[in-house]
Amino acid sequence: MLKKYTLHVTGTHCPSCKILLEDILSEQDFVKNGKVNLKREIVEIETDTEKSAEEVVNILNDKIKTNGYFLSVDKMMKEKESDDIIWKAIPIGLGFLILFFLLQKSGILNLGIGSQTTPATSFIIGIIASLSSCLAIVGGLVLSLSAKVVQDDNKSTKKPFILFHAGRLFGFAILGGILGLIGEAIGINFLFSAILGLLASTVMILLGFNLLGIFKKNKITLPSNIFSFFRRVEHATWAPILIGLGTFFLPCGFTQSMQISALSSGSFVSGFLIMFSFALGTLPVLALLSFGSFSFAHSKHAPLFFKSAGVVVVGLGIFALLAGLAGVGIINPLFNL
Amino acid sequence: MNKTALVIIIVGLVIGIGIIFIGGSRGNNNTNTTKNTQVKNTEIKDGTQYITIDAKGGYSPKISTAKAGIPTKLIVKTNGTYDCSAALRISSIGFQKILKNTGEEVIDLGTPKAGPFQGVCGMGMYSFNVEFE
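So the sequence lines, in the order shown, correspond to chains V and S. With our numbering as the guide, the letters of the first sequence map in order to residues -5 to 331. With our numbering as the guide, the letters of the second sequence map in order to residues 6 to 138.
Simulated from the structure, these hints should not be mistaken for lab results. Just so it is clear, the structure is predicted and the values come from calculations on it, not from any experiment. Backbone N, C-alpha and C fix where the C-beta goes; we use that ideal spot for every residue, glycine too. Errors might be hidden in some of the hints.
List of simulated lysine to aspartate or glutamate pairs, EDC-like, C-alpha gap at most 20 Å [as the list claims (entries may be wrong)]:
(1) S:Lys45 <-> S:Glu109
(2) S:Lys8 <-> V:Asp78
(3) S:Lys102 <-> S:Glu138
(4) S:Lys72 <-> S:Asp113
(5) V:Lys99 <-> S:Asp59
(6) S:Lys67 <-> S:Glu110
If you want a taste of the chain V side facing chain S, the calculated C-beta under 10 Å gives, among others [said to hold, decoys possible]:
(7) Cys128
(8) Phe248
(9) Ile254
Given these sequences and hints, build the entire structure.
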C-alpha cells in the first residue's frame, strides 16, 4: 500500500533544484513518486515502505545533504532564524559600504604616480585600482559570482576561482600585448564598455537580492536560465576563464588608462608587461574577495556571510548602475565622489 | 543582540552614507566657491576664453562660471591621472576620449550659449559643471 508523506525542505534556492531533487528522489527504490513544490518548500513523496516519516527523512537526507538540501517532518524554525540573520547582515554590509565610500572620499588613492608607465608603476596602479571605485564593479562582480557559485553547490572546489584569476591575468597580458602590437589602429569603445558595465551592475543587483533571499518567495520571477548558466559556470572550465578575460572590457578608469598606455607602448612585449603587471596588482584584493567567500561559505558563519555579501553587492550594484547611467548621459550624475 | 539595537545601528549607518554622499559634496562645493574667488580658472586671451579644469581623482573645480557668447576652449589638465577622470565624456559636444596620463587636452567648445555645461567621466562617478552666463 502506498503511503503519502508531505515533508518540508530547505536549501532549494533555484529553479533547477526542483529537477535535481526530483531526480535524486526517483533514484530511490522505495520512493514511487516524488514531487517538489518550490514555492511552498514542500516535498511530497509516495512510498510503499513501512518506515515512518522520520526514518524516510533520515534516509533521504543522507542522499541529498551533499547537495545542500535538508528534509524535515516539521517545518523548521528557519524563518525566524534567517529573520535575525538579515538584521545582523544589514549593518555589517552597510559598514563595509561606508568604509569603501570613505576610502574613495579620503583622496588617499590619488597619490602621485610618475607620468612614465613602466611595469612597476602599473603594478602599483593595479593595487590602487583594486581599492578604488573600480572595486564597485569588478570586485562587486567577483564577490557576487563567487558567493553565488559557492552557495549553489556545497561541494564546490576552488577550481573556478583559480581559473577566473588565471583567465584575468593572462587575458589582460595577451590583450595588452595585442594593443601594443596594433598601436593606435583600434580605439577603445566607450559605449561598448559602458553597456557592459550596466549589464554587470544589473547582474550584481539580481545576484545580491538572490543572496539576500528576497526572491525566495517568488523564484520564478528570475529567468531560470541565468541560474542554470551559473550552475554550469561551476563545472565548465571555459566560463570562469572567459569571465576573467571579460573583466578587461569592464568600465574602470584605471584599466582604460592602462589600455591607452599599452596601446602607445609600441610593442607586443611592453603592452603585455604593462597589462600583466596591472592585473597582477589587482590580484591580491580580488583573490581575497573570491577565496574569502570560499572559506566563509564553508564556515559556520555561512548564512550571515551570504546575506552580508548580498547587502554589499546590492549597494555596489546600485552605485555602479546609477554612475553608469550618468556616464552614458541617460541621467544626471547623482553623486560626485 | 536584540532587533531594536540593530535597527538603530542600521538607521545610523544609512545616515552615515547620506552624509558621505550629500554632506560631502556640499562641503566640496564650499571649498570650490572659495577656490573660484581666489583662483580664477577662466582667462580671456586674444578674444578666446580658456577654462582650465584639473582632472585627477575627480575634477576640480567641480563648478565654475564662464562668459557665454565668446569663442571658448576648455583645457583639461592631467597629472599622473590614471583614474576614471582621465576617461572624459562631454555629451553636449559629442566628445569622448581617454586622456593622456599627464598633459593638457584642449577642447574647442565653439561659442557657447548661456546655460549649463557638463562633463562626466566614463564610469559616471566624477563630473564637473561650467555655468555659462
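Outcome of the hint check:
| no. | hint | in the structure |
| --- | --- | --- |
| 1 | S:Lys45 <-> S:Glu109 | holds, 18 Å |
| 2 | S:Lys8 <-> V:Asp78 | holds, 8 Å |
| 3 | S:Lys102 <-> S:Glu138 | violated, 27 Å |
| 4 | S:Lys72 <-> S:Asp113 | holds, 15 Å |
| 5 | V:Lys99 <-> S:Asp59 | holds, 17 Å |
| 6 | S:Lys67 <-> S:Glu110 | holds, 17 Å |
| 7 | Cys128 | holds, 8 Å |
| 8 | Phe248 | holds, 5 Å |
| 9 | Ile254 | holds, 5 Å |
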